[in-house]
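The task is simple: from the sequences and hints, build the whole structure.
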Amino acid sequence: MLQEVLVGMVQIVGIMLAISIALFISREALTTTLAQLRSRLQITGPVLVVLGIALLINRLMRQSEEDGIFPMTQVIRRLEGDLIYVFQDIETTRLTMYFSFVYVYGYAYILIFPAIAYFVLSNTRMFRRLLTAYTLNYLIGLSVYLLVGAYGPRQFMYPEEMGVVLYDFGPEYAHVTTEVNRNTNVFPSLHTSLAATVGIFAFYTRSEYPYWFVVALILSISVIISTMYLGIHWAIDVVAGLALAAFCVWASDQLVGRWTLSDIVDRTREALDR
Amino acid sequence: MNRTTTDPVDGVDRRSVLAAGAAGLSLSLSGCMDNVRSVVTGTTDDQLSLSIATVSQDDNRQSPQIARHIEGNLEAAGIDATIDMRSQTEFLEMVLIEQDYDMFVGLHPGDFDPDYLFEALHSTYADEPGWQNPYAYSTGRNFVDDLLEDQRRADDEQERQEILTDLLEEFVSEKPFEPICRPHEFRIGRGDRFDGWHDGHFATQRGYLGLEPTDSNDDNELEALITDSRPTQNINPLMAENRERETIIDLVYDSLGTVIVEDDEDGEDGVDTDDHVVEYRVEPWLAESWEWIDDEDGTNTAHVTLREDVTFHTLEEDETGEPLTAEDVEFTYQLLENTTLGQGNTSPAPRYQGHVSAVDVDGIEIENEYELRIPFHTSTMVGERAFTVPILPKHIWLEDELDERIGSSDDLSAPKGEWGLVTSSAIEPVGSGPYQFADQSDQNSLTLERFDDHFSIGSDEEDLLEPIVEELTFVADTGSASSVERIASGGSDFTGTMLEAYAIDDVPDDDSLETMPASSWTFYHLGFNAGRVDGPPFYDPQFRSAICRLVDKEFIAEEFFFGYADPIAVPVTDEWVPEAFEWDGVDPETPFAGSDGEVDVNGAISAFESIDSIDYRYDEDEEILRRN
Numbered sequence: 001m002l003q004e005v006l007v008g009m010v011q012i013v014g015i016m017l018a019i020s021i022a023l024f025i026s027r028e029a030l031t032t033t034l035a036q037l038r039s040r041l042q043i044t045g046p047v048l049v050v051l052g053i054a055l056l057i058n059r060l061m062r063q064s065e066e067d068g069i070f071p072m073t074q075v076i077r078r079l080e081g082d083l084i085y086v087f088q089d090i091e092t093t094r095l096t097m098y099f100s101f102v103y104v105y106g107y108a109y110i111l112i113f114p115a116i117a118y119f120v121l122s123n124t125r126m127f128r129r130l131l132t133a134y135t136l137n138y139l140i141g142l143s144v145y146l147l148v149g150a151y152g153p154r155q156f157m158y159p160e161e162m163g164v165v166l167y168d169f170g171p172e173y174a175h176v177t178t179e180v181n182r183n184t185n186v187f188p189s190l191h192t193s194l195a196a197t198v199g200i201f202a203f204y205t206r207s208e209y210p211y212w213f214v215v216a217l218i219l220s221i222s223v224i225i226s227t228m229y230l231g232i233h234w235a236i237d238v239v240a241g242l243a244l245a246a247f248c249v250w251a252s253d254q255l256v257g258r259w260t261l262s263d264i265v266d267r268t269r270e271a272l273d274r
Numbered sequence: 001m002n003r004t005t006t007d008p009v010d011g012v013d014r015r016s017v018l019a020a021g022a023a024g025l026s027l028s029l030s031g032c033m034d035n036v037r038s039v040v041t042g043t044t045d046d047q048l049s050l051s052i053a054t055v056s057q058d059d060n061r062q063s064p065q066i067a068r069h070i071e072g073n074l075e076a077a078g079i080d081a082t083i084d085m086r087s088q089t090e091f092l093e094m095v096l097i098e099q100d101y102d103m104f105v106g107l108h109p110g111d112f113d114p115d116y117l118f119e120a121l122h123s124t125y126a127d128e129p130g131w132q133n134p135y136a137y138s139t140g141r142n143f144v145d146d147l148l149e150d151q152r153r154a155d156d157e158q159e160r161q162e163i164l165t166d167l168l169e170e171f172v173s174e175k176p177f178e179p180i181c182r183p184h185e186f187r188i189g190r191g192d193r194f195d196g197w198h199d200g201h202f203a204t205q206r207g208y209l210g211l212e213p214t215d216s217n218d219d220n221e222l223e224a225l226i227t228d229s230r231p232t233q234n235i236n237p238l239m240a241e242n243r244e245r246e247t248i249i250d251l252v253y254d255s256l257g258t259v260i261v262e263d264d265e266d267g268e269d270g271v272d273t274d275d276h277v278v279e280y281r282v283e284p285w286l287a288e289s290w291e292w293i294d295d296e297d298g299t300n301t302a303h304v305t306l307r308e309d310v311t312f313h314t315l316e317e318d319e320t321g322e323p324l325t326a327e328d329v330e331f332t333y334q335l336l337e338n339t340t341l342g343q344g345n346t347s348p349a350p351r352y353q354g355h356v357s358a359v360d361v362d363g364i365e366i367e368n369e370y371e372l373r374i375p376f377h378t379s380t381m382v383g384e385r386a387f388t389v390p391i392l393p394k395h396i397w398l399e400d401e402l403d404e405r406i407g408s409s410d411d412l413s414a415p416k417g418e419w420g421l422v423t424s425s426a427i428e429p430v431g432s433g434p435y436q437f438a439d440q441s442d443q444n445s446l447t448l449e450r451f452d453d454h455f456s457i458g459s460d461e462e463d464l465l466e467p468i469v470e471e472l473t474f475v476a477d478t479g480s481a482s483s484v485e486r487i488a489s490g491g492s493d494f495t496g497t498m499l500e501a502y503a504i505d506d507v508p509d510d511d512s513l514e515t516m517p518a519s520s521w522t523f524y525h526l527g528f529n530a531g532r533v534d535g536p537p538f539y540d541p542q543f544r545s546a547i548c549r550l551v552d553k554e555f556i557a558e559e560f561f562f563g564y565a566d567p568i569a570v571p572v573t574d575e576w577v578p579e580a581f582e583w584d585g586v587d588p589e590t591p592f593a594g595s596d597g598e599v600d601v602n603g604a605i606s607a608f609e610s611i612d613s614i615d616y617r618y619d620e621d622e623e624i625l626r627r628n
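Protein chains in written order, with the UniProt record's numbering: chain P, 1 to 274; chain V, 1 to 628.
Because the hints were derived from the structure by calculation, they are not lab data. Hints are all accurate, no fakes.
Per label pair, the in silico range of CB-to-CB distance: (1) V/Asp156 x P/Arg78: 55 to 65 angstroms; (2) V/Asp510 x P/Arg59: 35 to 45 angstroms; (3) P/Ala243 x V/Asp199: 52 to 62 angstroms; (4) V/Thr139 x P/Tyr85: 41 to 51 angstroms.
Just so it is clear, CB atoms sit at the ideal spot from N, CA and C, and this is done for glycine as well.
Below you can see the structure in the form of structure tokens.
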């Protein structure tokens, strides 16, 4: 089942990416990138490895059955009250279709496309910053999940309040989301933080990719709303996710370029020579 | 062979590493957390606050909804109520092992025979793990204990019914826990792939026996969807918090007797309706027969004759299995009574303690390889329930597992029900049942294959259903809605877990689908922790009754179960319910203080105000229940 859903997902996201590449990225950039593929991969290699490790940790953590150390659901619920239910009031089948699509496919798309778009830029700094920001989002988010065990609003909703939420509307989506997440991983919302991260970077690169900026803005806001509309996150999770995104974007600027692998190699060599 | 052998008890699990790492942090934060909490919740020390433990909607759609209903009504009555939501495993650990909760809402496994109340309520079990009195319930007068003991000794059905009536009268006035409703069991399967869906109840092994592929089905492999992934990780038959139903264990492990659920002919495939009767019987299975002998002192002894040529499974090919003999049966009862076999703390098997307590284990006499005498402390009726425990192979549990673990004294001194043998997922899954373990993939699936040497195969006996399907695969699914879709689209064959109420109406009207409603003995209930002296006053039966008046069972069955549940006043199956406690729109003892799910505040307040003994009184200004 998971396999079928994933194949479907790869197809849909693949088509979205192909169209975007054709629309947003120039042919010259692609050919230059192909020519310089080796050197670009060398420069960006370490960042890719670190991101890979972060994703692996995420995968391992998902398999644990334990909730976070501090059960905080009740605190969050008390703090924000019925805020989240406003989305249930505006619920319509069309909106549910839209937000479910955005939550699952749109999210995967907006995370992958900028990585491609920045990889083909002649300066790889933006690419490395983006991946560093992704890594930080995961690592910080996962650390908080270990501490804070909280369940999302849909776990509490009454049938009449629920309207059509994600898993009733498309039960098959649950196979994908349980693959990447557990239902106590709520605070902060990583969907929000990663979507916002992409949105901020799209703003930085609006001169290179003006149309992408518009698409990224609409989609990342939609992803953020979808997390609440579908009852997956509390508003507090979203606020925390936005703060996390802001921090990760800032930190990526501080970190990237500070230490490069060649520097380290050079310095070690010097030390050895001495 | 691809069995997962990671044993969380033997190894260092993530949790303990984490806990160590976070210990410092949590210590320094704990005071701060309390402050955060009181600021956030606005709780003063004076107001009565209660927490309701439950699982998330992903694990069970109805439990948290019932919990929210109760939470809202408690708040209306001036009590600071909170919901403590946990994962299925943590929830069961918290309730069954640690007894660390105020109240909980959950599904009770129940039983077809009311004797399960003995282990559920007897005060000697108040500090035992498992479904043995998780409510820490005991009364000063021991009246309930006496009735529980009397009903299991009553040999005459009429007499037993009378004692049970007294017991249930005591139950509704004491309210050690509050039964809420009994969900309808409902499953669906592909009729175009298999025939024989209606031969046995699917909560028992018999549901899977006698199923045979249709002409158009050439693979003869059945895929069943389960919404609880725990059996894909651990099928240790002793583990307390592992699962609510025994079906998979029953397929791998034979028992002396098997439960047959039968309804009269007018019945609609075993659905409880007013005009038909469901009957539960224990019939010989692994035992060829048993004969009851009345002893002079009024006790009963069963003379059990085993089938010959029964062998246990082997996990290696080309090996023949060990024969199953009277020694294995004796050993099983000894092990279930105390899983350390006298080597350490007494640690009974949490799942089967009530069953085994009916047996006089020390008095078991082996006559020869296939015959033994088992003396009972109880009537024959209750005794037969003890024939349903899984018979375990002595050569594995004693020699391979127990001896190895006894070397580690740490393991043996673990609290009751928590030591390695009971919690391990690394026990060799060897039984003698109709299906044997084949493969397990963590959190995803469990595959069993037909045991071709099983005694039922090729037997002429009428009641003996045999395994025909070659391979059974239980696949973890994300929920009932997804399961219905998968079966309807032909992606899977059967819903092994009963469907949750919300998904029943989504079952498409399709000729190739078989729908299987069935009688049920599980029920949703509200548990109170009567054993906490420093917590809320749950030791007081009047307080418990006042809380019960905040639960609108009729509303719950209608709204949260869409009518696919029957509200109940007492926790026994229909045939044992005394007339006075049959459901008649309202709870006979503690009617809901309100209507349509909404509590009438004055009614609720007066219920609490009329309690003589508790330390809480209404604060008229704030309308909250405040400490005196």
